Amino acid sequence: MDPERKKVLERVAVSTFPDEVLERVLVQLKSHKDRSSVSLVCHSWYDAERFSRTHVFIANCYSVTPEIVSRRFPNIRSVSLKGKPRFSDFNLVPPKWGADIRSWLVMFAAKYPFLEELRLKRMTVTDESLEFLALSCPNFKGLSLLSCDGFSTDGLAAIATHCKNLTELDIQENDLNDKSGSWLSCFPENFSSLEVLNFANLSNDVNFEALERLVSRCKSLKVLKVNRNITLEQLPRLLIHAPLLTELGTGSFLQEHPACQYSELENAFNKCMNLNTLSGLSEVTALSLPALYPTCANLTFLNLSCAALQSGELAKLLVHCPCLRRLWVLDTVEDKGLEAVGSNCPLLEELRVFPTDPFDEDTFHGVTESGFIAVSYGCRRLSYVLYFCRQMTNAAVETIVQNCPDFTHFRLCIMNPWQPDYQTNEPMDKAFCAVVKTCTRLQRLAVSGLLTDLTFEYIGKYAKNLETLSVAFAGSSDWGMQCVLGGCPKLRKLEIRDCPFGNAALLSGLDKYESMRSLWMSGCKVTMNGCRLLAKEMPRLNVEVIKVDGSNESQADKVYVYRSVAGPRRDAPPFVLTL
Amino acid sequence: MPPDTTSESPGSDVTSTVFKDTELTLGLPGEARFSGGKTCSKRGFIERSMDLNLGDSSSSSSQTRGKILAGQDFSSESLVSGAGKPSAAKRQEVVGWPPVRSLRKRALEGCKYVKVAVDGAPYLRKVDLEIYNSYQELLRALEQMFMTCFAIRGNYVGEGGRKVMYPMKEMEYVPTYEDKDGDWMLVGDVPWKMFLESCKRIRLMKSSEAVGTLAPRTHPRSCTYEVAADQQLKAR
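Heads up: the protein sequence lines correspond to chains A and B, in order.
Each step along the first sequence adds one to the number in the working numbering, with nothing skipped, and position 75 is 75.
Quick note: to get the working numbering, add 579 to the position in the second sequence (first position is 1).
Same shape as in the complex, but just chain A:
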């Protein structure tokens, strides 16, 4: 027996609750929040928990070191890691900022050689790292890369070549170097364990015959998301081999030959009766869309964010999707399309409307407040919304939250910064006041439009369950941010850009930052001195300033503050100053 473990057991010999039983019970616990609570009960529970934990979720890779993790949790099989601040998705973080997976992989090879699963978000991953992972962990089963960078299809080839037991390869929204599609052909001819394959992110052709053979060998394939180079004519040849599919991401849905292959397509979709998720559909037209109708009856998640559908086309499609719970669309569907959503999808819980062309207002009008209102009347269970629009009114939002008081995620993006209510010309304060007052379960909020400090007063006062707040081009003075930091008891992530908040605001949160995961402030009025003061007062926070070329010496252009037991970063690039 592990000598450390023996010591632990001896220490709690007087406990009335045998450890073996405790561990058996704790192994059932999956939620990391529950596990955290359990570990705080007493020493013996702490130890029982740490030995029984098989999955660890690290929300900020710099908050802890690989050594600390491996010391505490010796039996990990699955790791999830998040790296860069979220605003790196929008080019606000310079390249080579950090969050390299390498040091973690070195630890995994030494301490977790039986690692099975790795899920990374916003990390830098090189091809060498991927190869190292594949070679160091012979049992490796599942790789998921979301919004990562630093690797190319060579790294995927290494995974395909060496991971004999791979069940999941999920490559999503990454900034990778797609050199060629030959990585797919690296799966050995006898390889058959894949259950999840998602390469929609990639732009090069894969060898279709190799893909066809792979799909037909992997009898347990449940999730298949191909890239847009796979044509509509090729799709049926994949579908007939994968009757168990529950999630499908198609390639191009452009019908090349009107008469020829339609029946084949229809037949193929008729066989896919287990689909609950559908995505892809790029270049879809009114001609090819009907082929989907039979398969939509059980759909719960429809992702049309790559398909520029018009309102009429969407309306016809939604008639066939009564069970929809999640819908992502482009704003090409316009308000009329959203009316169809309201009419046809009473079970809808999540709606995301993405802008087709954020910078060009001349071609599209997109969606307005009317569309949102229409959805709120028809979809009373709506709890998650992401809505990009060019105009909004306070009255509209008040109506919307009255219809749908159960919002947990409310992300409204009025695309012109500082834009007031277009009917009354007032700030959009009333809108967000209504949101936080009515939606008591609100966990995540993104605000936009012309906003004064009043919005933030309300947020601080009423948003008792708020965990994540995103603010851009809003507020009038330090007071706004002070209100948020003084209220919002459950706040974990605060990300702010281009707001008139300065040092007074920054320093008002001293008591709060250690209970938060992180704070991001860019384009605000915080100075280096303010940051230095914060760093001095709160030694257990990492206060990092990203210096932008050519900026004023005393200004802190981009500030990233986070709690950490790892101390200051040792891998910070020259443009990141740790104070």
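Since the hints were made in silico from the structure, they are not lab data.
Note that this is a predicted model, so its numbers are computed, not measured.
Treat the hints with care, since some could be wrong.
[Stated by the list, open to error] For lysine-lysine, the following DSS-like pairs were computed, each having C-alpha atoms within a straight-line distance of at most 27 Å:
id	chain 1	residue 1	chain 2	residue 2
1	A	K461	A	K512
2	A	K179	B	K694
3	A	K536	A	K437
4	A	K33	A	K461
5	A	K164	A	K141
6	B	K759	B	K694
7	A	K121	A	K111
8	A	K512	A	K493
9	B	K759	A	K336
10	A	K316	B	K779
11	A	K512	A	K121
12	A	K179	A	K30
13	B	K779	B	K705
14	A	K164	A	K222
15	A	K336	B	K779
16	A	K316	A	K336
17	A	K141	A	K121
18	A	K336	B	K772
19	B	K705	B	K759
20	B	K705	A	K179
21	B	K759	A	K316
[Stated by the list, open to error] Taking CB as the label site, the calculated pair distances span:
id	chain 1	residue 1	chain 2	residue 2	range
22	A	K490	B	S777	41 to 51 Å
23	B	S777	A	E128	51 to 61 Å
24	B	Q723	A	N190	39 to 49 Å
25	A	V319	B	V674	55 to 65 Å
26	A	K179	B	M724	18 to 28 Å
27	A	R441	B	V769	40 to 50 Å
28	B	V769	A	H55	54 to 64 Å
29	A	R380	B	V769	39 to 49 Å
30	A	F114	B	R680	50 to 60 Å
31	A	E67	B	Q723	55 to 65 Å
32	B	D707	A	Y262	19 to 29 Å
33	A	H320	B	V674	19 to 29 Å
34	B	R704	A	T440	27 to 37 Å
The beta-carbon is built from N, C-alpha and C at its ideal position, and this holds for glycine as well.
Once you have looked at the hints, place chain B on chain A.
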């Protein structure tokens, strides 16, 4: 407590100050201002970003602001009255705003890939319409693309034994496209932006065949042609 009044009425000091600062004005920074057209027009963003007083008017904050605007010059043309459409000057873009992942933007850009078939050529090409700004640019690019391919083919002989010459001479080829409704139209008929939206694929038709084949639905002959060409393309 905030330094100003805590009154929640719209007329409170804080909101009215903000209002004044966001009032639409025209002209370059530093010039005399006069109030302009309707509120919150599409170009309101540019003016407001220059006018908005964020309290501290130190040089550093205005520098930050300049950075946000990517430090580009504003010509007076781009700030012309809100009634008209913007001229050639492109809208100024803020880094990372709206918060749409660049990969998503790129994914959508891919939507503008269309196949181009040329009568007499054995394979199709794909072009990304997004990279062109006008019909002229597109047609010039197509000319280059297919002239090269014909040059490589050397003594390729077209359908019916006809020798292929410069494929893009107006007499020889007529550029047509299939729109979203399945109709074949003449390239250049509609404004460029509308073309971008609705074009599904392009076919450079021999002008002798173009007569009488446009507007009515795609005839089966062109369908078979594309099948043959497509298969050749896949065989490569």
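Hint by hint, here is what the structure shows:
1. K461(A) with K512(A): holds (15 Å)
2. K179(A) with K694(B): Distance ~22 Å between K179(A) and K694(B) Cα, so the pair holds.
3. K536(A) with K437(A): violated (37 Å)
4. K33(A) with K461(A): holds (26 Å)
5. K164(A) with K141(A): holds (8 Å)
6. K759(B) with K694(B): holds (14 Å)
7. K121(A) with K111(A): Given that 27 Å is the threshold and the Cα spacing comes to 22 Å, the pair holds.
8. K512(A) with K493(A): Holds: K512(A) and K493(A) sit about 11 Å apart, inside 27 Å.
9. K759(B) with K336(A): holds (19 Å)
10. K316(A) with K779(B): holds (21 Å)
11. K512(A) with K121(A): holds (26 Å)
12. K179(A) with K30(A): Given that 27 Å is the threshold and the Cα spacing comes to 39 Å, the pair is violated.
13. K779(B) with K705(B): holds (11 Å)
14. K164(A) with K222(A): holds (18 Å)
15. K336(A) with K779(B): Holds. K336(A) to K779(B) sits at ~23 Å (cutoff 27 Å).
16. K316(A) with K336(A): holds (12 Å)
17. K141(A) with K121(A): holds (18 Å)
18. K336(A) with K772(B): Given pair K336(A), K772(B) holds - Cα atoms ~22 Å apart, limit 27 Å.
19. K705(B) with K759(B): The given pair, whose Cα atoms are some 17 Å apart, holds under the 27 Å limit.
20. K705(B) with K179(A): holds (19 Å)
21. K759(B) with K316(A): holds (16 Å)
22. K490(A) with S777(B): 41 to 51 Å: 49 Å Cβ-Cβ, so the 41 to 51 Å window holds.
23. S777(B) with E128(A): 51 to 61 Å: Violated - the Cβ-Cβ distance for S777(B) and E128(A), about 46 Å, lies outside 51 to 61 Å.
24. Q723(B) with N190(A): 39 to 49 Å: holds (47 Å)
25. V319(A) with V674(B): 55 to 65 Å: violated (42 Å)
26. K179(A) with M724(B): 18 to 28 Å: holds (24 Å)
27. R441(A) with V769(B): 40 to 50 Å: holds (49 Å)
28. V769(B) with H55(A): 54 to 64 Å: At roughly 56 Å between Cβ atoms, H55(A) and V769(B) fall inside 54 to 64 Å, so the hint holds.
29. R380(A) with V769(B): 39 to 49 Å: Holds, since R380(A) and V769(B) (Cβ atoms, about 42 Å apart) stay within the stated range.
30. F114(A) with R680(B): 50 to 60 Å: Roughly 34 Å apart at Cβ, these two residues miss the hinted range, so it is violated.
31. E67(A) with Q723(B): 55 to 65 Å: 59 Å Cβ-Cβ, so the 55 to 65 Å window holds.
32. D707(B) with Y262(A): 19 to 29 Å: holds (27 Å)
33. H320(A) with V674(B): 19 to 29 Å: 41 Å Cβ-Cβ, so the 19 to 29 Å window is violated.
34. R704(B) with T440(A): 27 to 37 Å: violated (57 Å)
Hint violations for this structure: numbers 3, 12, 23, 25, 30, 33, 34, all remaining hints satisfied.
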